[in-house]
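Student: Residue-level listing of the chains:
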Amino acid sequence: MRAVLWAFCGLLLVFLIAPILVVMVTSLNDSQYMEFPPRTWSLRWYANFFGSAQWTGPALLSVRVALVVSVCATVLGTLAAVGIVRGRFRGRQALEMFLISPMIVPIVVMALGLFFLFSAVHLLDSPVALTLGHTVVATPLVIVLVRAGLRASDPALELAARSLGANAWRTLIYVTLPAIRPSLAAAAVFAFLVSFDEVVVAIFVGGPASTTLPKRMWETIRFEIDPTLTAVSSLLTLVAVFVLVVAAVVRRPGKRGAGLTV
Amino acid sequence: MAAIPGRRFPRPWRSGEGLLVLPALLFYLAVYLYPLSRIAAWSLFERGFTLKFYRELLDEPMYFRALGNTLEISFLSTALCLLLGYPLAYLMATTSARARSALMVLVLIPFWTSILVRTFAWMVILGNNGMVNRTLMALGLTGAPVKLLFNMLGVQIGMVHVLLPFMVFPLFAVMSGIDPNILRVARSLGAAPRRAFRHVFLPLSLPGIAAGCVLVFLLAVGFYVTPALLGGPGQITLATMIEMQINTFLNWGFAASLGIVLLLVVGGIFAAFSTLLGIGRLTGEA
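Going down the list, the protein sequences come from chains A and B.
For the record, in the first sequence the residue sitting at position 165 is 281 according to this note's numbering, with numbers rising by one throughout.
For the record, in the second sequence the residue sitting at position 94 is 125 according to this note's numbering, with numbers rising by one throughout.
Derived from the structure by calculation, the hints contain no laboratory data.
Note that this is a predicted model, so its numbers are computed, not measured.
One or more hints might be untrue.
[What the hints assert, rightly or not] If you want the footprint, here are the derived chain A segments under chain B, 3+ residues with CB under 8 angstroms:
{"#": "1", "stretch": "118-125"}
{"#": "2", "stretch": "165-178"}
{"#": "3", "stretch": "247-255"}
[Unchecked claim] No farther apart than 25 angstroms at their CA atoms in a straight line, the calculated lysine to any residue pairs in the SDA-like style are these:
{"#": "4", "chain 1": "B", "residue 1": "178", "chain 2": "A", "residue 2": "134"}
{"#": "5", "chain 1": "B", "residue 1": "178", "chain 2": "B", "residue 2": "107"}
{"#": "6", "chain 1": "B", "residue 1": "83", "chain 2": "A", "residue 2": "130"}
{"#": "7", "chain 1": "B", "residue 1": "83", "chain 2": "A", "residue 2": "148"}
{"#": "8", "chain 1": "B", "residue 1": "178", "chain 2": "B", "residue 2": "164"}
{"#": "9", "chain 1": "B", "residue 1": "83", "chain 2": "A", "residue 2": "214"}
{"#": "10", "chain 1": "B", "residue 1": "83", "chain 2": "A", "residue 2": "335"}
{"#": "11", "chain 1": "B", "residue 1": "178", "chain 2": "A", "residue 2": "236"}
{"#": "12", "chain 1": "B", "residue 1": "178", "chain 2": "B", "residue 2": "167"}
{"#": "13", "chain 1": "B", "residue 1": "178", "chain 2": "A", "residue 2": "341"}
{"#": "14", "chain 1": "B", "residue 1": "83", "chain 2": "A", "residue 2": "235"}
{"#": "15", "chain 1": "B", "residue 1": "178", "chain 2": "A", "residue 2": "131"}
{"#": "16", "chain 1": "B", "residue 1": "178", "chain 2": "A", "residue 2": "340"}
{"#": "17", "chain 1": "B", "residue 1": "178", "chain 2": "B", "residue 2": "264"}
{"#": "18", "chain 1": "B", "residue 1": "83", "chain 2": "B", "residue 2": "225"}
{"#": "19", "chain 1": "B", "residue 1": "178", "chain 2": "A", "residue 2": "130"}
{"#": "20", "chain 1": "B", "residue 1": "178", "chain 2": "A", "residue 2": "152"}
{"#": "21", "chain 1": "B", "residue 1": "178", "chain 2": "A", "residue 2": "141"}
{"#": "22", "chain 1": "B", "residue 1": "178", "chain 2": "A", "residue 2": "342"}
{"#": "23", "chain 1": "B", "residue 1": "178", "chain 2": "A", "residue 2": "337"}
{"#": "24", "chain 1": "B", "residue 1": "178", "chain 2": "A", "residue 2": "121"}
{"#": "25", "chain 1": "B", "residue 1": "83", "chain 2": "B", "residue 2": "95"}
{"#": "26", "chain 1": "B", "residue 1": "178", "chain 2": "A", "residue 2": "148"}
{"#": "27", "chain 1": "B", "residue 1": "178", "chain 2": "A", "residue 2": "235"}
{"#": "28", "chain 1": "B", "residue 1": "83", "chain 2": "B", "residue 2": "296"}
{"#": "29", "chain 1": "B", "residue 1": "178", "chain 2": "A", "residue 2": "138"}
{"#": "30", "chain 1": "B", "residue 1": "178", "chain 2": "A", "residue 2": "339"}
{"#": "31", "chain 1": "B", "residue 1": "178", "chain 2": "A", "residue 2": "149"}
{"#": "32", "chain 1": "B", "residue 1": "178", "chain 2": "B", "residue 2": "83"}
{"#": "33", "chain 1": "B", "residue 1": "178", "chain 2": "A", "residue 2": "127"}
{"#": "34", "chain 1": "B", "residue 1": "178", "chain 2": "A", "residue 2": "338"}
{"#": "35", "chain 1": "B", "residue 1": "83", "chain 2": "A", "residue 2": "236"}
{"#": "36", "chain 1": "B", "residue 1": "178", "chain 2": "A", "residue 2": "151"}
{"#": "37", "chain 1": "B", "residue 1": "178", "chain 2": "A", "residue 2": "206"}
Where is the CB? At the ideal position from N, CA and C, for every residue including glycine.
Start from the sequences, fold in the hints, and give me the full structure.
Tutor: The following block contains the structure:
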């Protein structure tokens, strides 16, 4: 019985992992027909990616937007999480629900709303619109991660700091936040990844002047399948795996904060 | 120090900390709540109040089909994720710590890989010139390529691939909290393994099943990328229809009414299950 279970789960994991591996191997093709396994090998699609402004431009924009989103979402989300967990005020729970609610709103609906908003203020097709949109998507995630870290940390430390004469700001900066550093790091990393991978908001509010890497990939998939996509895909996967490993290593010492799975 | 009822610590100076929520709140009002209200406004006004965008939704069979497709695709992928994910979560919860972390990593790698990348991977594999079709033809099992993309099969393969981790994580969280001694008691009282599983383990894992199904269903209902790329004309969903209305037909009012319907579907499911299960389980509080 146990053997059957292992066999079943083994197949399931092959199903989960194999497509990613197949694309990675296919990216090493010399032919433009995306053969698997490749008959002749080369790195020409990687060269194509790094050598073409059509790809590097969007990639740089994605990195820039994701960095700003990571900072904005982490600051907004962390402050909000501290307010929710440590504050005592009426309607706290309803407010908490509201602040997390973007997580259950379908991304298409969010993107549609943002499209209406930015068309009204003439910001469509601008990096600013993308940054604001991605920040709304990433902030609830930050709140959830930081909230978990705060609940696991000891409020008595802050009480001690306050009773020793530190004001609210000093307590926040020197006691509260350092105590949840692993959660903050995880939150910043995940906010970055959410923005970096985000495609639906980019489709709705982005345009020729603000094409992110996922948007460029989207257009390429839809209109002309270009083997460069396989190279981009494996690069993105490597980045994600790298970040995952770093996050796991960073999180290890304290064992504090939320899991990688949100 | 006298504790104030309902508070863990006396903290007269603490009252200010709630104010830290304000920046996020203001930001949400401008970039989250206001856009949502714009959707409602676009769906209800066109030179004055009108319900025509909603009436169109009921009258035009194609739009009604989009709603039906959305629900069909979501139900099917939720069921498939449960069927496939339950054994995996069970194995993770009952195996050694070392094997568990290995399994966890193998689930997390695809989880953190971009959805676009994974969907594209399936297009490469399942296409007419893809690996699957060429293998089938080389084996002589089929003369012409089998259609694996741009139909329900393609959508389900892609959706299950993306959504499976969202089923496995809540299932695993609940299952790993089940005390193995309870199962041992059942066994020692004479229950066969199968019976112990069905009457003890399965009922105890129900909260995980519920949480996983709600999560996967909610995500599936609003899913855009995978149905858009792997589906055909028969798999047009509310989400893909909204995008078409904006970028192809330029019918903003109608896109807005579709958005509101999608929001209501999601909100309804969420409200129903959060009252049934308790809100915490769905917002990641567990």
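Student: Does each hint hold? Answer for all of them.
Tutor: Results for each hint:
1. Only when three residues or more bring their CB closer than 8 angstroms to a CB of chain B does the claim for the stretch 118-125 of chain A stand; here the count is 4, and the claim holds.
2. Check result for the stretch 165-178 of chain A against chain B: violated, 0 residues qualifying (beta carbon to beta carbon below 8 angstroms, three or more required).
3. Counting residues of the stretch 247-255 of chain A whose beta-carbon sits less than 8 angstroms from any beta-carbon of chain B gives 5, enough to reach three: the coverage restraint holds.
4. Using a Cα cut-off of 25 angstroms, the hinted pair residue 178 of chain B and residue 134 of chain A holds, with the two alpha carbons roughly 20 angstroms apart.
5. For the hint linking residue 178 of chain B to residue 107 of chain B, the alpha-carbon distance of about 20 angstroms falls within 25 angstroms, and the restraint holds.
6. Proposed proximity of residue 83 of chain B and residue 130 of chain A is contradicted: the alpha carbons are some 49 angstroms apart, above 25 angstroms.
7. Taking the CA atoms of residue 83 of chain B and residue 148 of chain A, the gap is about 49 angstroms. The hint is violated against a cut of 25 angstroms.
8. Our distance criterion of 25 angstroms between C-alpha atoms is met by residue 178 of chain B and residue 164 of chain B, whose separation comes to about 9 angstroms.
9. Under the criterion of a C-alpha separation no larger than 25 angstroms, the hint pairing residue 83 of chain B with residue 214 of chain A is inconsistent with the structure, at around 31 angstroms.
10. Between the alpha carbons of residue 83 of chain B and residue 335 of chain A the distance comes to roughly 33 angstroms, so the proposed pair goes past 25 angstroms and is violated.
11. For the proposed pair residue 178 of chain B and residue 236 of chain A, the alpha carbon gap of about 43 angstroms is over 25 angstroms, so the pair is violated.
12. Distance check on the hinted pair: residue 178 of chain B and residue 167 of chain B sit about 12 angstroms apart at the alpha-carbon level, within 25 angstroms; holds.
13. With a C-alpha separation of about 18 angstroms, the suggested pair residue 178 of chain B and residue 341 of chain A falls inside the 25 angstroms cut-off, and the hint holds.
14. The hinted pair formed by residue 83 of chain B and residue 235 of chain A meets the criterion: a straight-line CA distance of about 23 angstroms does not exceed 25 angstroms.
15. Restraint check for residue 178 of chain B and residue 131 of chain A: the C-alpha separation of about 19 angstroms stays at or below 25 angstroms, so the hint holds.
16. Distance hint between residue 178 of chain B and residue 340 of chain A is fulfilled; the C-alpha atoms sit about 20 angstroms from each other, no more than 25 angstroms.
17. Of the pairs offered as hints, the one joining residue 178 of chain B and residue 264 of chain B holds, with about 14 angstroms between alpha carbons and a cut-off of 25 angstroms not exceeded.
18. At roughly 57 angstroms between alpha-carbon atoms, residue 83 of chain B and residue 225 of chain B are farther apart than 25 angstroms, so this suggested pair is violated.
19. Using a Cα cut-off of 25 angstroms, the hinted pair residue 178 of chain B and residue 130 of chain A holds, with the two alpha carbons roughly 22 angstroms apart.
20. Under the criterion of a C-alpha separation no larger than 25 angstroms, the hint pairing residue 178 of chain B with residue 152 of chain A is consistent with the structure, at around 19 angstroms.
21. With a CA separation close to 24 angstroms, the supplied pair residue 178 of chain B and residue 141 of chain A stays within the 25 angstroms bound.
22. Between residue 178 of chain B and residue 342 of chain A the alpha-carbon distance is near 21 angstroms, which keeps this suggested pair within the 25 angstroms criterion.
23. Annotation: proposed proximity of residue 178 of chain B to residue 337 of chain A holds, straight-line Cα distance about 18 angstroms (limit 25 angstroms).
24. As the CA atoms of residue 178 of chain B and residue 121 of chain A are separated by approximately 31 angstroms, the hinted pair breaks the 25 angstroms bound.
25. A C-alpha spacing of about 15 angstroms is found between residue 83 of chain B and residue 95 of chain B, which places the hinted pair at or below 25 angstroms, so the restraint holds.
26. Between residue 178 of chain B and residue 148 of chain A the CA atoms are separated by roughly 22 angstroms; this keeps the pair inside 25 angstroms, and the hint holds.
27. Between the alpha carbons of residue 178 of chain B and residue 235 of chain A the distance comes to roughly 40 angstroms, so the proposed pair goes past 25 angstroms and is violated.
28. Simply put, residue 83 of chain B and residue 296 of chain B have alpha-carbon atoms about 20 angstroms apart, close enough for the 25 angstroms limit, and the pair holds.
29. The suggested pairing of residue 178 of chain B with residue 138 of chain A holds, with an alpha-carbon distance near 20 angstroms, which does not exceed 25 angstroms.
30. Taking the CA atoms of residue 178 of chain B and residue 339 of chain A, the gap is near 20 angstroms; set against the 25 angstroms cutoff, the hint holds.
31. A threshold of 25 angstroms between alpha carbons decides the hint, and for residue 178 of chain B with residue 149 of chain A the separation of about 19 angstroms falls inside it, so the pair holds.
32. Simply put, residue 178 of chain B and residue 83 of chain B have alpha-carbon atoms about 39 angstroms apart, too far for the 25 angstroms limit, and the pair is violated.
33. For the suggested pair residue 178 of chain B and residue 127 of chain A, the alpha carbons sit about 23 angstroms apart, so the restraint of at most 25 angstroms is met.
34. Restraint check: the Cα-Cα separation between residue 178 of chain B and residue 338 of chain A comes to about 18 angstroms, which is no more than 25 angstroms; the hinted pair holds.
35. Pair hint residue 83 of chain B plus residue 236 of chain A holds up; C-alpha atoms about 23 angstroms apart against a cutoff of 25 angstroms.
36. Of the pairs offered as hints, the one joining residue 178 of chain B and residue 151 of chain A holds, with about 18 angstroms between alpha carbons and a cut-off of 25 angstroms not exceeded.
37. The hinted pair formed by residue 178 of chain B and residue 206 of chain A fails the criterion: a straight-line CA distance of about 58 angstroms is larger than 25 angstroms.
Against the hints set out earlier in the document, violations occur for numbers 2, 6, 7, 9, 10, 11, 18, 24, 27, 32 and 37.
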